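Novice: Using the sequences and the hints given, assemble the complete structure.
Protein chains: 2
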Amino acid sequence: MLPTTSRAWHLLARPKGWPKPEDVELREVEIPELAPGRLLVRNLFLSVDPAMRGRMNDAKSYVPPFKLNEPMEGGAVGRVLASTADGFAEGDYVLHWLGWREYTVVDAEGVTKVDPNAAALSAYLGVLGMTGLTAWSGLLDVASFKAGEAVFVSGAAGAVGSQVGQIAKLKGASRVIGSAGSAEKVELLVEEYGFDAAFDYKEDTPVADQLAKAAPDGIDVYFDNVGGEHLEAAIGALHTHGRVAMCGAIAQYNATESTPAPRNLALSIGKRLRLQGFIVIDHYDRRDAFFAEVGGWLKDGKLKYRETVVEGIENTFDAFLGMLRGENTGKMVVALPE
Amino acid sequence: MLPTTSRAWHLLARPKGWPKPEDVELREVEIPELAPGRLLVRNLFLSVDPAMRGRMNDAKSYVPPFKLNEPMEGGAVGRVLASTADGFAEGDYVLHWLGWREYTVVDAEGVTKVDPNAAALSAYLGVLGMTGLTAWSGLLDVASFKAGEAVFVSGAAGAVGSQVGQIAKLKGASRVIGSAGSAEKVELLVEEYGFDAAFDYKEDTPVADQLAKAAPDGIDVYFDNVGGEHLEAAIGALHTHGRVAMCGAIAQYNATESTPAPRNLALSIGKRLRLQGFIVIDHYDRRDAFFAEVGGWLKDGKLKYRETVVEGIENTFDAFLGMLRGENTGKMVVALPE
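For the record, the sequence lines run as chains A and B. When we follow this note's numbering, the leftmost residue of the first sequence carries the number 1, and every step to the right adds one. When we follow this note's numbering, the leftmost residue of the second sequence carries the number 1, and every step to the right adds one.
Everything labelled a hint here was simulated from the structure, so no lab data went into it. Mixed in with the good hints, there may be bad ones.
No distinction is drawn between identical chains; accordingly, a pair holds when it is met within one copy or between any pair of copies.
What the hints assert, rightly or not - Under the rule of at most 25 Å between Cα atoms (straight-line distance), these lysine-lysine pairs were calculated in the PhoX-like manner:
#, residue 1, residue 2
1, Lys16, Lys271
2, Lys271, Lys304
3, Lys67, Lys271
4, Lys171, Lys302
5, Lys213, Lys202
The structure presented is a predicted model; accordingly, all values stated were derived computationally and were not measured.
Specialist: Below you can see the structure in the form of structure tokens.
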């Protein structure tokens, strides 16, 4: 018996500042008929990502805002329960973009089949998914990292940051420095992920001072997940011809006013710095090379990753808030029962 | 009779904020013997440039700071009075880097011979010199300008800015917008240099509002001579995949504290903006192509330029301050008697 209804998280109101429980609701919806070329999927893992916060605003961006009173969207891995699409059959596992719900009917176009034997299913949302490609293409293509360079990563215990640091080490970085928001995460960076140095940005010492201590010879690349004070510190520490990959500004996503900016941006002129904003959807053409390299490292046990798994569709919004507060270590996913 | 002494501007103290008359002094110095491989040059035109302010500070930069109690340095064109260097003879005109003085002995290495018949001598300090190469390589190489794009230039009535706007038009820009600091300069931009629109940033209306009016369809490239509020406005107006050539931040050179920064820098992520700081010394390899293209436009009367000429070595420091205050229109030079 195929399911006929699904619970799905709806956006009811556009949050001002931090999202509140009354901004969203878990509602039961009808599952539509399976038109040709479509799949009925039971979601097994839902992705919660910082970028989803942006889609709750009614702002023009690279992806349209979530619609009010409709289910929100996000990355998900699930099992095909029924297919009317060529190349997909019942029992296949797929990666798609209709998360925030238990079941979905999805157009097979753009859906990717994944191999549950090559890696854990949840990995396709993280280390082998969008966050992995973000780390890999951001470091190598956007920041033009080269062997022998020193790399600083903020939000370094997160899904993207922890992978950036490890990729830099695997590719021959002279030194990799990370910042994170707790002593436990700092320890994780050094002990588990092999960072050369790490610091807790929530300590009283200014980020610039902590960075100067952790990177006494300066840095060549800054992978920015945070913005604000971190970016200012990095601009101060970057060598001539340094590069910044601007990946995120999580410190600012829930700000209701303009936030402090790097007051030393004019240093970019004399230092010839390049600051490049990017989003992973521009880098899909690099997926094959990414899968080959990162998949190989995973297989060889050279790349470590952690996940924070929250169980149950009803806990998805709390998981999302927790991720925004930095409670996750590594990729945050929601697991739904098989 | 060759001269044996020269007046030369010395730096006595590193200015805090705006340079003051007591920070510098015009002193008479002995001209050294003409060792082999050197030229004795009578300077005819001295360049005064915003970047010279930076060299008055004791800060690590791409060029060393001026030394205290020694003559300052800067671009100059002069006539050779005596030569012990191969390839240079008395009567040759040369471009060199030992300005801020009447006469100088200079190592022939790095000195460029110039043709007084191909262009006015002062042009080699401006439209065909460092400022010209700055405009040309900054727009084409750093900002990757392409035909059909809309370009915004700040400090647009200056030596670099006025050339950026004209090059963009000559290369097929869809729209060129400039900002300047007076109604007269705004008129000059539109009437003489052919900008499509221009505004006076000193008016009460915020720069972002004036830019939105002048560029209702947004911009693709921002050539930044100013920093601060201008850069923030440009980030707001830039299209996806827009580029910023960060050439100068003249608004900030005399600031004693950190200055306001673009509070919307995080927009660079979703818009995939590229902000690239640059200095012209990295682009010397493009000089031949620059001379060919810009020299051709000059010959054909397609490129217009203005100069503000101040007479006399004793007025050099006032000319420099006037340039920092924006009193010049086009390239500011000091002319010394032949």
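Novice: All the hints need checking, so say for each whether the structure fits it.
Specialist: Hint-by-hint comparison with the structure:
| no. | hint | verdict |
| --- | --- | --- |
| 1 | Lys16 <-> Lys271 | between (38 Å within a copy, 22 Å between copies) |
| 2 | Lys271 <-> Lys304 | neither (34 Å within a copy, 31 Å between copies) |
| 3 | Lys67 <-> Lys271 | between (43 Å within a copy, 21 Å between copies) |
| 4 | Lys171 <-> Lys302 | within (12 Å within a copy, 50 Å between copies) |
| 5 | Lys213 <-> Lys202 | within (16 Å within a copy, 42 Å between copies) |
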